[in-house]
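Asker: What follows is the residue order along each chain.
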Amino acid sequence: MLVALHNLPAGLERGLREALPAAGHEPLGEGTAGAEALVAGVGELGAAAAVELGAEAWAETVAAVRSAFFAARDLASQRLEAGGGRLVFVVDPSSQRVLEGGVASAVAGAFLSTVAEVAAVELAPQGVTANVLVAGWSAPRPAALAAGIPVGRLAAPADLAAACAFLLSPSAAYVNGATLAVDGGYRITKAAGASPLAARP
Amino acid sequence: MARVALVTGAARERGIGRGIARRLAADGYALAINDVAAAAEGEALRSELEAAGVRAGFYSADVADRAAVEAMFDAVERELGPVVAVCSNAGVGAWSPFAKTPEELFDRVVAVNLSGAFNVGQVGAQRMLARGEGGRIVFVSSVHVEMPFAEMAVYGATKQAIRALTETLAIELGGAGITVNQVGPGWVKSKLNDASPSLRTVADERATMAKIPLGRPAEPAEIGAAVSYLCSADAAYVNGAFLRVDGGFVVGKY
Chain A
519 MLVALHNLPA
529 GLERGLREAL
539 PAAGHEPLGE
549 GTAGAEALVA
559 GVGELGAAAA
569 VELGAEAWAE
579 TVAAVRSAFF
589 AARDLASQRL
599 EAGGGRLVFV
609 VDPSSQRVLE
619 GGVASAVAGA
629 FLSTVAEVAA
639 VELAPQGVTA
649 NVLVAGWSAP
659 RPAALAAGIP
669 VGRLAAPADL
679 AAACAFLLSP
689 SAAYVNGATL
699 AVDGGYRITK
709 AAGASPLAAR
719 P
Chain B
11 MARVALVTGA
21 ARERGIGRGI
31 ARRLAADGYA
41 LAINDVAAAA
51 EGEALRSELE
61 AAGVRAGFYS
71 ADVADRAAVE
81 AMFDAVEREL
91 GPVVAVCSNA
101 GVGAWSPFAK
111 TPEELFDRVV
121 AVNLSGAFNV
131 GQVGAQRMLA
141 RGEGGRIVFV
151 SSVHVEMPFA
161 EMAVYGATKQ
171 AIRALTETLA
181 IELGGAGITV
191 NQVGPGWVKS
201 KLNDASPSLR
211 TVADERATMA
221 KIPLGRPAEP
231 AEIGAAVSYL
241 CSADAAYVNG
251 AFLRVDGGFV
261 VGKY
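Sequence lines, in order, name chains A and B.
Note that the numbering used here gives residue 610 to position 92 of the first sequence, counting from 1, and the numbers run on in steps of one.
Note that the numbering used here gives residue 38 to position 28 of the second sequence, counting from 1, and the numbers run on in steps of one.
Please keep in mind that the hints were generated in silico from the structure rather than gathered at the bench.
The model shown is predicted, which means the values in this text are computed figures rather than measured ones.
For each residue, glycine too, the CB sits at the ideal point set by N, CA and C.
Keep in mind that the hints are not guaranteed to be accurate.
[Stated by the list, open to error] One-sided and incomplete, this derived list gives chain B residues near chain A with beta-carbon spacing under 10 Å:
1. Pro107
2. Thr111
3. Glu113
4. Asp117
5. Ala121
6. Ser125
7. Met157
8. Ala160
9. Lys169
10. Arg173
11. Leu175
12. Thr176
13. Glu182
14. Tyr239
15. Tyr247
16. Val248
One chain only, chain B, in its complex shape (with noise of 0.2 Å):
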């Protein structure tokens, strides 16, 4: 029977979780595809998978609700089996001026980036050290963890804590031969980004891409190909790793 991998945030179309899903599936993982809401888009991903012959199964869950996610990973567990991959990627983005920063923003916004990884991430781990043979477990943070960006204090600073929880849980459960990384996405064709001020019009997006070398944003289908790759058995010895996925973009074009 297949591997079963778990994908948060995964059902929205244009996602950087569909794209991970969608490619975790193609490695031949069974696929728990969560999501809080998007359930037409959750079960018509979900559909898609099935008819390529993926075992598949979505799973409505709020990460920032940590008795939501223990019953989620029991479900995942009883309906597809034990989850061996974990992708913790559901965030949300929000920008408001540092100085005038709604307390509803910083709640949101840590709850389910940070809270959220906390939990999946946790739990994912919990999990696999009981069962006692190894696992994957991979965060989605961002280019936030190498630059900072304006008006994007509280969303930059849950990445940069992701950062520190990659870390830790890699030194933590190496010896269980759990590996632990971060993928630094920069600009992809996503909607959490079509809110972004840097894109609000087609000037704006124009002198956006100008600052990417490679002068386009990313597919979530390269964000995909870079957590399967640390899920894979070429990356067992990459552990603690921040794997920038950005197209040169924090390296910087003035």
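Just chain A, with the same shape it has in the complex (with noise of 0.2 Å):
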């Protein structure tokens, strides 16, 4: 399948283009011209405490979530035309268990979950499945977050890829409107202490 990436943290995006060709497909640069499957994300949003969150980071908050929006109404719009299609929206895990400091990631993340939702209820009588993946916390993100992670580590690029080769493997032809989090267990727990987003350089 012809991937195209928009718009994901580096690390994951190296891991797709390693990951991607090995399983069959062919990841494609930016724009979504001749692609069959995007793979969509906000790039890394900085983090700091909602009431400070200053005019221009929500404003960058706000611009990443129309890119994204745009370049998969873009692909949904061609592959209704072509038939088949995959979409895949990359959130951080804040979009499902909130943490101070998160505010712009979690309100990104949120706002794609529900784009995904409702283009996998109004594209999938044409082929074109639609999935969030939870991109668990990886580097460049704090390393403590790992405290509040069961598995007790940060992601690594290769375990993201993996699970996004998968969305887009003929294996997943039948998950629409899903949520795959590859997030070690983040969202389930709690972990103790302060939020490594909400402290300060």
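Grab the two chains, each in its own frame, and use the hints to assemble them into the complex.
Answerer: Below you can see the structure in the form of structure tokens.
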């Protein structure tokens, strides 16, 4: 499958470019022209307390969401004509369980999660599925986040790339509107202590 | 002097915001009524509340405009007093097939529903923090937080984003005695829903209402009652919650 990669965190993008060819996919650059599938994220949004998040950071958050939304709209539009396709929205774990300092990625991820679900409802009759990949906390996020993750470490790019390859594979043909959390169990835990994202440098 | 509540998007007749404003006024709050337009309706509501002995003011401001929101809080504080309860309700609805979503639709809905909620919630929170006396923030989100609806990707996404904003503010502000919660209306007899494709004909409306276990839409006053509770002393320990007021719609009837 020809896969467009849109505004993914650098580590994940590198991981995907390594892993997708082995799984029979061909990753493309920016833009959705010619793509059969799209993996869209919001880059790496910064950490700040919600009451302190500045106008510029808020605008950046909205712009990142907007960019992912229209990449998905364009891919959907193309694939509804061609028939069949895959949308994967990559979100941060904060969109499922919030943490202090994580408002931007929580808001952006929550937004795209619902976009994925509505797209899944509307596009599936034409063979286009849409799903959410919750990309576990990974570098360059603070290593201290591992304290709140049962698996005890941050995610490696390969962990996330493998899950993404699955969502793009024929095996996932009936997976639609799903949320695949590759987060080491972050969502189901409550770590003691302060949020590493709230820590001041 | 009465404590002050601010409700955004509160002027329109048959709007959820008006139902919230009336109820908070009945609870004893002085009322700051905000809306971006509908000045005549806003002034009419102000007169109605004042006739009932409630101190009230109408404040025209676009919640998507940060400077306008700051100026509105300044004016409310000057004229009515510090705002101890903020209800971010202003919102617009829009329908489009996902694959054909116009950029204009995205920008308009996100500006009001999401950036508006962020502006009102953040400015309200900053001022509550500065005073150090706690407070209440209630966002009006939607059942869209719990289930997707076709042709409403942008609207639903803004409501889900408000869920994340509510939860993050709740954990960040709890230590300052500020609770942050969201109310999730389902079908409401409101102007926003008049444009819904699901209510286009009498048959459409009947089919839509048949999906609601209670068999009817909510009155704006019923959403007001939920906001009233979340602002009350009874709800002092309710924080980061989603209070769904939908007649059981999301729980589901096939």
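Asker: Would you mind marking each hint as holding or not holding in the structure?
Answerer: Checked hints:
| no. | hint | verdict |
| --- | --- | --- |
| 1 | Pro107 | holds, 6 Å |
| 2 | Thr111 | holds, 5 Å |
| 3 | Glu113 | holds, 7 Å |
| 4 | Asp117 | holds, 8 Å |
| 5 | Ala121 | holds, 9 Å |
| 6 | Ser125 | holds, 6 Å |
| 7 | Met157 | holds, 8 Å |
| 8 | Ala160 | holds, 5 Å |
| 9 | Lys169 | holds, 7 Å |
| 10 | Arg173 | holds, 6 Å |
| 11 | Leu175 | holds, 6 Å |
| 12 | Thr176 | holds, 9 Å |
| 13 | Glu182 | holds, 5 Å |
| 14 | Tyr239 | violated, 23 Å |
| 15 | Tyr247 | violated, 18 Å |
| 16 | Val248 | violated, 17 Å |
Figure legend: structure checked against the earlier numbered hints; hints not met, in rising order: 14, 15, 16.
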